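Peer 1: Spelled out, the chains give:
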Amino acid sequence: MSKPSPEVQASLTRRNFIARAASGTVITAMGGGLLYTLSDRLTREAKAMTTIDGRPRLPPGQRALEALRPMGGTPGSPSISDFRLKIHGEVDKPIELDWAGLLAQPQAELELDVHCVTGWSLLGASWKGVRLADLARAAGVKPSARHVIFEAAAGYTANVRLAEALAPDVLIAHRHDGKPLARPHGAPVRAVVPSLYFWKSPKYLSGIKFVARDEPGYWETRGYHNHADPWLEERYG
Amino acid sequence: MTRLRPWLRALHRDLGYLAVGLTVVYALSGIAVNHIADWDPNFDNYEAQHQLTLPLPASDAAIADQLLRELAVTAPPTEVYRSDSNEVSVLLEGRSFHVNTDTGAVLEDGQRERFLIRVANWLHLNRGKKAWTYIADGYAAFLLILATSGLFMIPGRKGLIGRGGLLVALGVAVPVLYVSLSGGP
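Going line by line, the protein sequences match chains F and G.
Per the numbering used here, the very first residue in the first sequence carries number -14; after that it's consecutive.
Per the numbering used here, the very first residue in the second sequence carries number 2; after that it's consecutive.
To be clear, the hints were calculated from the coordinates, so they are not data collected in a lab.
Here the structure is a predicted model, which is why all the values come from computation and not from measurement.
Keep in mind that a hint or two might mislead.
[What the hints assert, rightly or not] Which chain G residues face chain F? A few, computed with CB under 8 Å, are given here:
1) D41
2) E80
3) S97
4) Q112
5) R113
6) L182
7) G184
8) P186
[Claimed, not checked] To give an idea of the chain F side of the interface with chain G (calculated C-beta under 10 Å), a few residues:
9) S8
10) W84
11) H159
12) R160
Backbone N, C-alpha and C fix where the C-beta goes; we use that ideal spot for every residue, glycine too.
Kindly produce the complete structure, drawing on both the sequences and the hints.
Peer 2: So this is what it looks like as structure tokens:
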């Protein structure tokens, strides 16, 4: 049998290469798809659940994760000696709490769902801290207050409507998942506002300011939604 | 136009050279920040578990000493405190240890800086403000000049009236189609 001409050989080699590359691509894609499907069991389960008020537990466009994901930002000091929390603005008695002062407040440990604007949600994780409503009561919020401005490290701020900030599930948290808050998640203290996208829950919290007039914060002035309701997909302004 | 083309090419070439550094910064950081939901583009965050030998000493300071000795940590702690009734936290630069005083189990969490990409992100997001705003504006103007001068550099069928025009239309069509098909903002 005669040897194929160099042109035929080249064609066979090319054909071989294309066939192998195509098979490789299909197998990789199928493997990736299978992995994605299996790993997304949490999302499927979450989609089948509803909240007490009848809303789907997982807001539209979200995927459930097993652990909180670090989302960057300029870190603050994790030191409890450096920690101070100012509660000020439209209040009768401005308060400044240090670490011991925060721990001396009534503590609450809640299982909360949080939803990041980038598309992930963490459902039912444990958070421990002080209810913002309790701090507001201690400071004596004036009737003129309409919004809460969270103040955090490096000048980060986030605005939340007063009624939403004073909901019983809004925490000034120092523990998550049974552990002290980790550095990437805002140690020593962060806000947790479960009803809004998670950028409204600043890490490295340093202040809570009650204001009469709204003050859009860091992301709100950079094109993100001023309100940020995950169930209405209020991602961008 | 024929007389202008050599000048356009020279301008395009030199602005192109000038733009290389910032293009690398913005492109790398753009990719990094675009995938912020999948990774922390500034820090490598980690958690680790360790076990201390029981029984643990009574005082928090002595527990911290034992922790550092057993884990061969030479850096001095910045803070040692009781983070819970059965938990002592030991903070060091860039890492924290949380010791369960009942079981001796230690949870470590820490952050290692991704230096170059963090610097690029800092510049890209203009976190430093001040003079960088002018530099970034200048770079944007450079890019506009590069894009515009590129349109007219080549005459004939490979230029704007031929293949170049087709490619420009294709490039413009990508965002237009994306916005139209996705429904936009």
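Peer 1: Look at each hint and say if it fits the structure.
Peer 2: Verification of the hints:
The interface hint given for D41 (chain G) is met, as the beta carbon of that residue sits about 4 Å from the closest beta carbon of chain F, less than 8 Å. Given hint, E80 (chain G) at the interface with chain F, holds; its Cβ is 5 Å from that chain's nearest Cβ, closer than 8 Å. The criterion of a C-beta within 8 Å of any C-beta in chain F is met by S97 (chain G), whose closest approach is roughly 6 Å, and the hint holds. Against a cut-off of 8 Å between C-beta atoms, the interface hint on Q112 (chain G) holds, since the closest Cβ of chain F lies about 5 Å away.
Violation of the interface hint for R113 (chain G) is found here, the shortest Cβ-Cβ separation to chain F being roughly 11 Å, above the 8 Å cut-off. Taken as an interface hint, L182 (chain G) does not check out: its beta carbon lies about 17 Å from the nearest beta carbon of chain F, beyond 8 Å. The restraint placing G184 (chain G) at the interface with chain F is violated, with a minimum CB-CB distance near 12 Å, outside the 8 Å limit. Contact between P186 (chain G) and chain F, as hinted, is supported at the beta carbon level, the nearest pair being about 6 Å apart and thus within 8 Å.
Because the smallest distance between the Cβ of S8 (chain F) and any Cβ of chain G comes to about 28 Å, over 10 Å, the interface hint for this residue is violated. Of the supplied interface hints, the one on W84 (chain F) holds, with its beta-carbon coming within about 8 Å of a beta-carbon of chain G, less than 10 Å. The restraint placing H159 (chain F) at the interface with chain G holds, with a minimum CB-CB distance near 8 Å, inside the 10 Å limit. With a least beta-carbon distance of about 8 Å to chain G, the hint placing R160 (chain F) at the interface is held under the 10 Å criterion.
Figure legend: structure checked against the earlier numbered hints; hints not met, in rising order: 5, 6, 7 and 9.
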